[in-house]
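S.K.: Each protein sequence line maps, in turn, to chains A and B. Per the numbering used here, the first sequence starts with residue 1297, numbered consecutively. Per the numbering used here, the second sequence starts with residue 1297, numbered consecutively.
Treat the hints as calculated values from the structure; they're not laboratory data. All figures in this text were calculated on a predicted structure; none of them were measured in a lab. Be aware that one or more of the hints could be misleading.
For identical chains, the list gives no copy identity; a pair is met inside one copy or between any two copies.
Using 16 Å as the maximum straight-line C-alpha spacing, the simulated EDC-like pairs for lysine to aspartate or glutamate come out as follows [what the hints assert, rightly or not]: (1) LYS1478 - ASP1446; (2) LYS1416 - ASP1471; (3) LYS1491 - ASP1439; (4) LYS1383 - GLU1399; (5) LYS1491 - GLU1438; (6) LYS1350 - ASP1477.
2 protein chains.
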Amino acid sequence: MRRPRRSGAETREAILATAERLFRARGFAAVSIADIAAELDMSPANVFKHFKSKLTLGRAIAYRHGRRLAERCSIEDSSGTPDQKLKLFLSRLAREHVCDKLENQYLFEMIPLVLEDPAKGGRIYRRLVEDKLCALIAEAMEDGIYRPGDPARDAGVIVDMLASVLHPKMLHCVDPEALSDKTALIIDLIDSGLKYRVAK
Amino acid sequence: MRRPRRSGAETREAILATAERLFRARGFAAVSIADIAAELDMSPANVFKHFKSKLTLGRAIAYRHGRRLAERCSIEDSSGTPDQKLKLFLSRLAREHVCDKLENQYLFEMIPLVLEDPAKGGRIYRRLVEDKLCALIAEAMEDGIYRPGDPARDAGVIVDMLASVLHPKMLHCVDPEALSDKTALIIDLIDSGLKYRVAK
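All chains should be built: construct the whole structure from the sequences, respecting the hints.
M.R.: Here you go:
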């Protein structure tokens, strides 16, 4: 009996899910399109119809991972004040980074390999984080919770200050056990700084 | 006529100075003990009497460079309050890092190559910086300039917050032009945080 036919979109989704599972388990380099096809009981040619190369497939997984990360760091569920939201956002962001580093080591290492231009990918990611921070800082300044200042500039400074716990290059040196305490201390000092700051 | 004989200490110093000049100009890998000996008009065997290998010589230069860095970052000349001294110390530290990166690229790259254990070297360096910060923070807390807290813990957090401008891994991504402004902004926010901090 023939298998029920999957739609194109379903096949694409099945390839992505299987490839991601295999990449996470064995690493990007160790898994071939043939492995992924075999796992799905389809021909490699059929996989290539949806993704023209393993690189393209890896890239689609990297982008999807980025979107999911953004969802997991979302603070839409919070009804706190803007400064509370800012702290929540930063602590979620740091937590997700550690999880990626600990649980998804292979995926974490794959991402810079598959992006067209890892530095550009890094800048886009940084921009997303800065935009979010900038909006929250502006809100906190309007509400008089933070001292007046330049929200966009502050957002950039904050991302710099979190390099030791957010930047992929730094995560290699960090003890994951200590990371969440460390992050909490940094976030507290940033929050205090924004509340106190001497007007210039 | 024979050259006047140098003492052992003078010869050692002459070797260090010449080796450092050549390493800075051409890089550690490109300079041999024979090159250094030729420059000093002595035999390689004579150089080896003072330094048993190029690695030992490189290491001696790295340690000397560290001691000089500490002198250049010294704030003994400042008569400011402890918080002013802390800001001065951090800005000098960051400035010296940028200078090393820009002007002494070869030396900067040599240091991790020659240390027995670069991670340990990094930890020793970090410890020196933290000890200095800790003493200044304790002083500022005693004087009531900073809110009470744990100076040693704060010193650690501050070093983490400056990773984007101090850590060798991060200096590769940074635009040197922007670095001193960036550093000043980070230092200001840290200073404000220490002054304001909500007691826990």
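S.K.: So, for every hint listed, does it hold in this structure?
M.R.: Results for each hint:
In this assembly of identical chains, the alpha carbons of LYS1478 and ASP1446 lie at most 16 Å apart only when taken from different copies (14 Å versus 26 Å within one copy). In this homomeric assembly, LYS1416 and ASP1471 come within 16 Å of each other (Cα to Cα) only across copies, at 15 Å, whereas the closest approach inside a single copy is 27 Å. Only within a single protomer do LYS1491 and ASP1439 lie at most 16 Å apart by alpha-carbon distance; the minimum there is 12 Å, versus 22 Å between protomers. For a Cα distance limit of 16 Å, the shortest separation of LYS1383 from GLU1399 qualifies neither inside one copy, at 24 Å, nor across copies, at 39 Å.
For the identical chains of this complex, LYS1491 and GLU1438 are intra-copy neighbours only, at 12 Å inside a copy versus 22 Å across copies, given an alpha-carbon limit of 16 Å. When the C-alpha separation of LYS1350 and ASP1477 is checked against a cutoff of 16 Å, the pair qualifies neither within a copy, at 38 Å, nor between copies, at 42 Å.
When held up to the earlier numbered hints, the structure conflicts with 4, 6 and fits the remainder.
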